[in-house]
Amino acid sequence: MAVGFHCDGNWMYSGSEDGTVRIWDLRTATCQREYESRAAVNTVVLHPNQKELISGDQNGNIRVWDLAANSCSCELVPEVDTAIRSLTVMWDGSMVVAANNRGTCYVWRLLKGTQTITSFEPLHKLQAHDGYILKCLLSPEFCDPNRYLATASSDHTVKIWNVDGFKLEKTLVGHQRWVWDCVFSVDGAYLITGAR
Numbered sequence: 001m002a003v004g005f006h007c008d009g010n011w012m013y014s015g016s017e018d019g020t021v022r023i024w025d026l027r028t029a030t031c032q033r034e035y036e037s038r039a040a041v042n043t044v045v046l047h048p049n050q051k052e053l054i055s056g057d058q059n060g061n062i063r064v065w066d067l068a069a070n071s072c073s074c075e076l077v078p079e080v081d082t083a084i085r086s087l088t089v090m091w092d093g094s095m096v097v098a099a100n101n102r103g104t105c106y107v108w109r110l111l112k113g114t115q116t117i118t119s120f121e122p123l124h125k126l127q128a129h130d131g132y133i134l135k136c137l138l139s140p141e142f143c144d145p146n147r148y149l150a151t152a153s154s155d156h157t158v159k160i161w162n163v164d165g166f167k168l169e170k171t172l173v174g175h176q177r178w179v180w181d182c183v184f185s186v187d188g189a190y191l192i193t194g195a196r
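Mapped onto the UniProt record's numbering, the consecutive letters of the sequence shown carry residue numbers 1 to 196.
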């Protein structure tokens with residue numbers, strides 16, 4: 001399950017085990033739109049253009065939902081029958097990363113000059129962990145010119161990768177259980193991780 005908010009705060013989005021992606025109007029507390037993914041939705045992110053949602057599901061599908069057209073505009077399957085656990089989009093909309101249950105990250109460049117995220121160019125495949133990747137996260141705008149990818153895993157570690165070449169910068173250890181989540185501070189100076 002996943003939730004997030006539009007930048008103006010008037011609506012939010014959710015992904016659910018029932019295989020739906022929904023948009024909720026926060027002013028009226030009602031569901032405004034519903035998209036069928038046909039498998040449990042593990043992750044949903046809003047593209048920085050605020051016009052597209054990207055979802056990843058239990059069957060390994062990544063779908064781009066065009067909010068203006070009210071339909072799926074693109075579908076990718078990086079690995080058949082391997083659940084997509086987490087998605088992240090670079091703050092400037094230049095890159096998207098998907099992480100799966102086999103410890104792999106798939107990276108696509110969003111082609112320059114396009115107005116939508118539907119033009120994917122494969123950039124890199126990264127075997128990041130031996131266990132599930134439960135969260136992947138690209139660093140915020142204030143980290144520039146340095147850009148990082150954080151991956152949190154069932155192997156009890158968090159890894160920090162330099163996006164320039166996807167070289168491992170650091171492995172963070174200390175958790176005794178699966179690391180389910182991570183978030184960068186606004187300035188990118190800190191990474192907060194959570195396990196249970």
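One thing to keep in mind: the hints can contain errors.
Said to hold, decoys possible - Below, computed lysine to any residue pairings styled on SDA-like, alpha-carbon distance capped at 25 Å:
| # | residue 1 | residue 2 |
| --- | --- | --- |
| 1 | K170 | P145 |
| 2 | K51 | G4 |
| 3 | K125 | G9 |
| 4 | K125 | S139 |
It should be emphasised that the hints constitute simulated quantities derived from the structure, not laboratory data. All values reported here derive from a predicted model rather than from experimental measurement.
Outcome of the hint check:
| no. | hint | verdict |
| --- | --- | --- |
| 1 | K170 with P145 | 18 Å, holds |
| 2 | K51 with G4 | 14 Å, holds |
| 3 | K125 with G9 | 34 Å, violated |
| 4 | K125 with S139 | 18 Å, holds |
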